[in-house]
Amino acid sequence: MALSAAIQGGRAGAARFRPDRIGLVISLVALGGLCLPFATVKPNRILAGVAKTILEALPQTGSILLLAVLFVAITIACLRSPAWLRLGASVLVLLALAGAIGVSGIVLTPSGNPYARVAPAAGFWLLAFAMALLTADALTRLRPGPFGRVAALAATAVVFGFILKSGLWDNLSILKEYAVRADSFWAAAAAHVELALGSLVAAVAFGLPIGILCHRVPKIRDAVLNALNIVQTVPSIALFGLLIAPLGWIAVHVPGAKAIGIQGIGMAPAFVALFLYSLLPVVANTVAGLAAVSPSANDAARGMGMTERERLFQVELPLALPVIITGIRIVLVQNIGLATIAALIGGGGFGVFVFQGIGQTAIDLVLLGTVPTVALAFAAAVILDAVVELLSTPSVRDSAP
Amino acid sequence: MIDIDTITKRYDDTEVVSDVSLSVPAGSIAVIVGTSGSGKTTLLRMINRLVEPTSGRIRIDGQDTHSLSPHVLRRKIGYAIQGHGLFPHRTVAQNIATVPKLLGWEPARIKQRVADLLTLFQLDPAAYGPRYPSALSGGQQQRVGVARALAAEPAVLLMDEPFGALDPVIRAKAQDDLRAIQRRFGTTIIMVTHDMEEAIHLGDRIAVMDGGRLLQYASPTEILTAPATGFVESLLGAADRPFRLLSLTTLADVVEPGTADGAPLSADATARDGLSALLWTGRDAAPVQSADGAPLGRVTRARLMAAARLPGQAPV
Amino acid sequence: MTRVWSFLPRMALLAFLIAFLWHPAWFAGLLRPLTENGAPPIYDQGSLALLTLDHLAIVAVATLAASLIAIALAVLVTRPSGREFLPLARSLVNIGQTVPPVAVLALAVPMTGFGEKPTLIALFLYGLLPIFENTLTGLSTVPANVMEAARGVGMTGRQRLWQVELPLAAPIILAGIRLSVVISMATATIGSTVAASTLGAVIIAGLTSNNLAFIVQGGVIVGVIAILIFDALRGLETLLARRAGG
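Chains as they are written, first to last, in our numbering: chain A, 2 to 402; chain B, 10 to 325; chain C, 11 to 256.
Derived by calculation from the structure, the hints in this document are not laboratory data.
For glycine and all other residues, C-beta sits at the position ideal for the given N, C-alpha and C.
Hints should not be assumed to be uniformly reliable.
[Said to hold, decoys possible] Pairs of lysine-lysine residues, derived as DSS-like cross-links and limited to a Cα-Cα distance of at most 30 Å, are as follows:
{"id": "1", "chain 1": "A", "residue 1": "LYS43", "chain 2": "C", "residue 2": "LYS127"}
{"id": "2", "chain 1": "A", "residue 1": "LYS43", "chain 2": "A", "residue 2": "LYS166"}
{"id": "3", "chain 1": "A", "residue 1": "LYS220", "chain 2": "A", "residue 2": "LYS53"}
{"id": "4", "chain 1": "B", "residue 1": "LYS182", "chain 2": "B", "residue 2": "LYS85"}
{"id": "5", "chain 1": "C", "residue 1": "LYS127", "chain 2": "A", "residue 2": "LYS53"}
{"id": "6", "chain 1": "B", "residue 1": "LYS182", "chain 2": "B", "residue 2": "LYS120"}
[To be verified] The following residues of chain A were derived to be distant from chain C, with all beta-carbon distances above 10 Å:
{"id": "7", "residue": "LEU32"}
{"id": "8", "residue": "GLY33"}
{"id": "9", "residue": "ILE107"}
{"id": "10", "residue": "ALA180"}
{"id": "11", "residue": "ILE213"}
{"id": "12", "residue": "LEU243"}
{"id": "13", "residue": "GLY257"}
{"id": "14", "residue": "ALA301"}
{"id": "15", "residue": "VAL316"}
{"id": "16", "residue": "THR362"}
{"id": "17", "residue": "THR374"}
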């Protein structure tokens, strides 16, 4: 009797043990990362480097510590553990990896060789990717609210800022590239943000009224949207190029134009091109948002005696706002990416490093351009997603039965 | 013959169907009635194993449903649901042909069967066969849904609120059509509904469920006259009970010799319709005639009122 | 009648494109005003037609591969056995969409070297996202009662997928492919900065030699092809959606 109960209990226990399949996949990725080199040492920025495994790249205690933390995290990932535990474990490993790559930079850089540099290798990236996956999975399971997500973003930014400030990564190749061109980096950053944000502001200033007009006058709606759609099909480098000539002509022939920065090459054509690309999402989402306002809300507003103007500002626009902001999010993320291409026509921005890097086959320089671009786009997406959610939550709550 | 034997369905800690047993004789209609959350749909879906029971067994004509793999079992059982569930990307004819095609019937046989069924449901095969479901009215879509369920000549048909989305006039017609078709093919039907009126109208036997339990499984008359619990009684609606009881009787059952003045009533009409006609025209009695017009006698208000009375209750 | 009118401009556009690629010299007069100092009005460092074919081939291969993989992945994470991966897959797609195509292109270079390969990889990876997302949307918006009926009539999981879910999701999947093609058409031009043979070479030649005529012809060819493909796929979608009773 007692025996059979014990057997049944054991069987139930065995049946309950199921590994977490997402965790298993992530662990496989991480194990793959362990098999690949952790860092490479290059005699200078162009020559191929020498690959080093974790054991070679870190002092003994360091590598043991890193492997131990990684092992714990993988175990937690493979069990059906609570999401907060998975989040904690993955963040801990990511911090350990950040420290380890910095330490290996210090350890591996031969003293007295200013040209030598240490770069993270495939193994490091794969481990970081696996742990980022685990973080993303844990966050997906925890489903943080808009404030939680922005707070997580801010915390990440603070940690990165702290690491960069501390000098821990100063021996890594990407920061060596940065050290050589710190001034031009911040100029590029300013240009990039100016291009992406400035063209967005201009697009909203023009696109919102155009969208409202298209909503009110259905006759012009299709024509306007079709024209903007066609603009989207013109490849960005062509559009940048096409604007050089007319802007150059304006700079020469319109008095005062040159004084406000209009010229054939440089930032002006890039700005105008991004503005043109941005119009479609802003106009289309304004039209869609206004069209989605429920007829009964509009009827009620009319019935209460609101003027057209009052109805627009008090009923239609507030209700359409989440959709409009979604359009702005699309534009901002898209512009941050497209602004990279402005470098091809002398428009500045992070693209300068990307294309210089491609030209010199210097991957570190490419990274110096792409990493901040991706980080900017990601941050913009997280923040604007949070704004959209905050704006649309009350109406969702109200309309729920 | 469908035999449901001590069936239970448990999700985590909640039991949605608790220990239900009932059997449905071949060629009859059983209607499962209950409020939403009573477990009636889960019970139905366990018959074709869209839901796997936690314990208990179901046999159809003596064969355990677990002796077949689920999809093979389902091809042998017709299934019609609320909102018809027609495949929007397939024509009406293709929709009806679904199960015969899965079973690998000859194309000629499928074509013939589709045409027969469309005709049976009063839809011209040439006109409606090639249409897509979106081009049909709600009532037509529902008929095609039932036709699809009957396509492979199943001995058993399961229906989950099949008429739920129809307006009252079309619904009454659909119910009558279903009754006629069921008599013609001798199909065993188990239907789920929350509408007691529909249950009394269609069911040979009614199963009342609440909170996952089977409260009563009996003929409509027995449910009406001897409800097992207060809940069954409340489902019946106290005010409507005499009229529902009358709706189970036809005038042929209460006709008596004699004559009466005024327009004659048909012997096929329900006693409820008869009483209604008498009250409306202010008569105490009316002549009754058969479907072909032959006089059968008369029906009186007193007799009808007696038929509406709870059996065994002496008149005061 | 209205059909003819909506059909005519498209045919004219296609005829213009073919004529331009067949014999660009015919159009030299049109483009000459855009040049300065007697620079050539028509791209002279290679055949425009061949570059167009290369461009289309890269986009076609990348889109085909992206469609197959993205649809397969989306099917996988919507099956009962892969459903655990669905939320993570959704988050990854959202994150992936914030990475600009240029970044993918630039990062692919060190792995594969210059030429067609990094462009193919960038187009493939970036093309995955819209197709995957739309396939997920398409598969998860098949009406519940249709799926219930498909189970109820005794279809196996595979039959439900091929006979019900994929046909019903087809218009939305196609919209994703359309989006992916249009993005790829434009992104492929950037491939020329890493030495891929695409129409971007024409545009970049124009930028470096300050020849507006080159920029115009490269941009117009890419734009016209993108519009024609966009249009054709949208027509196909409408057809499919109408058949699916949309």
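Going down the list of hints, with the structure as the test:
1. The hinted pair formed by LYS43/A and LYS127/C meets the criterion: a straight-line CA distance of about 25 Å does not exceed 30 Å.
2. With a C-alpha separation of about 24 Å, the suggested pair LYS43/A and LYS166/A falls inside the 30 Å cut-off, and the hint holds.
3. A C-alpha spacing of about 66 Å is found between LYS220/A and LYS53/A, which places the hinted pair above 30 Å, so the restraint is violated.
4. Pair hint LYS182/B plus LYS85/B holds up; C-alpha atoms about 27 Å apart against a cutoff of 30 Å.
5. For the hint linking LYS127/C to LYS53/A, the alpha-carbon distance of about 27 Å falls within 30 Å, and the restraint holds.
6. For a cut-off of 30 Å, the pair hint linking LYS182/B to LYS120/B stands: about 27 Å separates their Cα positions.
7. No beta-carbon of chain C comes within 10 Å of the beta-carbon of LEU32/A; the shortest separation is about 19 Å.
8. Every C-beta of chain C lies more than 10 Å from that of GLY33/A, the closest at about 16 Å, which supports listing it as non-interface.
9. For ILE107/A, the non-interface assignment is confirmed: its Cβ lies about 24 Å from the closest Cβ of chain C, beyond the 10 Å cut-off.
10. With a closest Cβ-Cβ approach of about 21 Å to chain C, ALA180/A is found to remain outside the 10 Å limit, as its non-interface label requires.
11. The Cβ of ILE213/A sits about 26 Å from the closest Cβ of chain C, beyond the 10 Å cut-off, so the non-interface label holds.
12. The claim that LEU243/A is not at the interface with chain C is violated, since a C-beta of that chain comes within 10 Å of its own (minimum 6 Å).
13. Remark: the non-interface label on GLY257/A is consistent with the geometry, its nearest Cβ contact in chain C lying 25 Å away (cut-off 10 Å).
14. Residue placement check: ALA301/A keeps its beta carbon more than 10 Å from all beta carbons of chain C (closest about 31 Å).
15. No beta-carbon of chain C is positioned within 10 Å of the beta-carbon of VAL316/A; the least distance is around 29 Å.
16. With a minimum CB-CB distance of about 7 Å to chain C, THR362/A fails to clear the 10 Å threshold, and the non-interface call is violated.
17. The beta carbon of THR374/A sits about 6 Å from the closest Cβ of chain C, which is not more than 10 Å, so the claim that it is off the interface is violated.
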